[in-house]
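Enquirer: Single-letter residue listing:
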Amino acid sequence: MGEVELIQRSQKGDLEAFNQLVEAYQTVAYNLALRMLGHQEAAQDATQEAFLAAWRGIKGFRGGNFRAWILHIVANACRDELRRLKRRPATSLDALTYEPTTASPQNQLLGLELGEHLRQGLARLPYEQRLAVVLCDIQGFSYQEIAQIMDSSVGTVRSRLSQGRAQLRDYLMERGTFGP
Amino acid sequence: MFEWFRKGACYQARERLSAYLDGQLPSPEQQELAEHLERCEACRAELETLRATVEWLHRLSTVVPPRSFTLREIRPAPRQPVFIGLRVATALAVLLLAAVVVGDWLDAFPQAPPAEQPEARVMAGETPTTATATIVPTPTPGPPARYVTPKPLPPTPEEAQVKGLEPATPPPMPPPTPVPMPGEAEPGPGWPVRQLEYALLGAAVVLAGLSLIYWRRFRLRVGGQ
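In the order they appear, the protein sequences are chains A and B. Position one of the first sequence corresponds to residue 1 (the numbering used here), numbered consecutively onward. Position one of the second sequence corresponds to residue 1001 (the numbering used here), numbered consecutively onward.
If you are wondering where the hints come from, they were derived from the structure by calculation, not from laboratory data. Each residue gets a CB set at the ideal place from its N, CA and C atoms; glycine is no exception.
Chain A regions said to be covered by chain B (calculated; three or more residues, Cβ under 8 Å):
no.: 1; region: 13-22
no.: 2; region: 25-37
no.: 3; region: 45-54
no.: 4; region: 113-127
no.: 5; region: 137-147
no.: 6; region: 156-166
To give a feel for the contact side, a few chain A residues facing chain B, derived at Cβ under 8 Å:
no.: 7; residue: Q40
no.: 8; residue: V133
no.: 9; residue: R169
no.: 10; residue: L172
no.: 11; residue: M173
no.: 12; residue: F178
Chain A is faced by these chain B residues, among others (derived, beta-carbon under 8 Å):
no.: 13; residue: A1019
no.: 14; residue: Q1024
no.: 15; residue: T1049
no.: 16; residue: V1054
no.: 17; residue: W1056
no.: 18; residue: L1060
no.: 19; residue: R1067
no.: 20; residue: S1068
no.: 21; residue: T1070
no.: 22; residue: E1073
The task is simple: from the sequences and hints, build the whole structure.
Expert: Next up, the structure:
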């Protein structure tokens, strides 16, 4: 069954069809939440909230890029989750580091120290810049799709990406990541 | 002067390095920046560190979600008799309230008869049409009570001449009778409409709140696995 048909059936209240869409997009959604929040449990909560919100609002989907629509909801859920975490005094955002569940050859190649620096550097970026960097440089979306997800123009995406990359590079330079 | 121009060109170049890396600049700008990078070692170094940062980000692996995020439907529990009773009671309270309010508005409820005024019996046979009730304003620091004072109008000089009466000799006034303020118990067997309305409104609000709580507990829910 194609994506369009699954969407149409979901809009008619077919939860089974919607769950097929969830299975198709849950990895990209969860990874976006994880990179934005830096914490497994918070990322799981945000992803679940996002799919619930998508189910409740799927009748309002008017066609177009469904992945961008879903990820736009995930990004909003991440923003809400960050606000919630900031309001909770017992939780420090600096403490929200996570360990990847799988140690892939790529992770080993990258090095744990560099990986940790990247995660910490990302966590220090302003929300919009972090979202642009994660979507472009980690998830590999085009500028056009990022603009759809962020509900902004391509020029704004270019600007946020430039600022985010530069800030992250400066953070890594401060930690001597680029060597002498 | 030349240094100032060079710094300005470097600033503009560094603003565009990110888009240059992604090939997102228009062709003339892309060419112009490439030429600048050939001449400027500092900007080339900036480009290389930026490129390395992006490549490291590319290498961050995709994490497998620790669980599925598919949704499941939770069927509502069978409607509880308490819930049905609450809904019926709420509806009854609202209907009664509406009926009482409408009845009050249409003056359908019997009102308490007015308190018997002293002038009705004291002035029998003394031209009751000439008597009128005057509300005496209460002095500010005084007691919060109003007084109804029967005050017979004195005959005018013309009337006195016709009737042979002495003008302006009012009969002795009875002592003022206090009239209860609103909110105090009124004499007579009237319907306590206001109190009834408040009681029904309170009951309707409480019952609606309880119904809402029950409804939220037993409604159809959709949740994560």
